[in-house]
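Chemist: Sequence:
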Amino acid sequence: MNRRFSMLLMTWALVFMAKVSLAVQLPGPLVEGDWLLAHQKDPGLVLLDIQERPTYLRHHIPGSVNLPYSRWRTGPESKRPASLPPLQRLAERLGALGITRDTPVVIVTTGQGAGDMAAAARAYWSLDVLGHEQKAVLDGGLISYVKRFGGRFAAGPPPKRQPARYEPIPRPELLATKDQLARGVDQPLLDARSVEEHLGLVAPPGDRPGTIPGAHNLPFDWLVGQDGRLRPREQIRKLFAFAGIHQGGAVHFCHTGNRAALTWFADRALLGNQKARLYDGSMMEWAKDSRLPVERKLDL
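The working numbering applies: residue 12 is where the sequence shown begins, and numbers increase by one.
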């Protein structure tokens, strides 16, 4: 009896080890289309397309599931629109797609320039806040995958997957809050908006023009080349240094926390600065609070 039990345990262990060995290992936070072509059918890998549903129905990588970008953020009815939804709500949306916290996922956008790369980085940050380890962004999105690497795209509805239970392990250290910034932080502040917004030449209706006092400026779209893909790491490092961020680990902000997600992604995921944080409320929250200072660097 003991021998049979031991053999059964050994069999279970071998099966478990086989599954572990077959599980896909992402090469890093950023993957190219050629890697995806070679691995997109690997067991367990999920392609997480964040295009809005009408766009997804027209073109997507075969087999990918769809969680539109708008569902990664709160709606206009929220007290803080365009911010991170309650984590349990986001976890339920991922679980409905058959994704657990241990599922390796590659985030896919259309690939139409810096805006799409920022959306992918924002989804990556959201997964990071949920405690999701195995995740990556497809560099250049669907367009690069098809045009540069010869990948194919499909049309129609997403595949049906068995729902799963997604259990988040929140990581609040990845977020910066208004109150924390108001008290002062020992990290540099990085404004990822345009130069015009940073200087205070333009501002959205109802917002005070300018930036958080002491912030450095690195427009998010400087990180993306003309081909819609992120610049090489060494070029990104030089851009950070040019902006006055020499050691990294900044608190990143923009208007709603979208564009800044890309500079945060570059700072933390690509350059390895683990102290990098994203201020989700960004200037949409900060500039509307009359108690908080706003620096207008050029007042015409």
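Hints may be right or wrong, so weigh each one.
Per label pair, the in silico range of CB-to-CB distance [to be verified]: (1) Gly86 to Asp45: 35 to 41 Å; (2) Gly86 to Pro215: 34 to 40 Å; (3) Arg307 to Asp113: 18 to 24 Å; (4) Gly225 to Pro168: 46 to 52 Å; (5) Leu303 to Arg176: 37 to 43 Å; (6) Arg82 to Pro224: 30 to 36 Å; (7) Glu178 to Lys249: 19 to 25 Å; (8) Gly236 to Pro38: 19 to 25 Å; (9) Gln123 to Pro73: 18 to 24 Å.
It is worth saying that the hints were derived from the structure and are not from the lab.
Note that beta-carbon positions come from the ideal geometry of N, C-alpha and C, so glycine has one too.
Chemist: Which earlier hints can't be squared with this structure?
Modeler: When the structure is compared with the hints, numbers 2, 3, 7 turn out to be violated.
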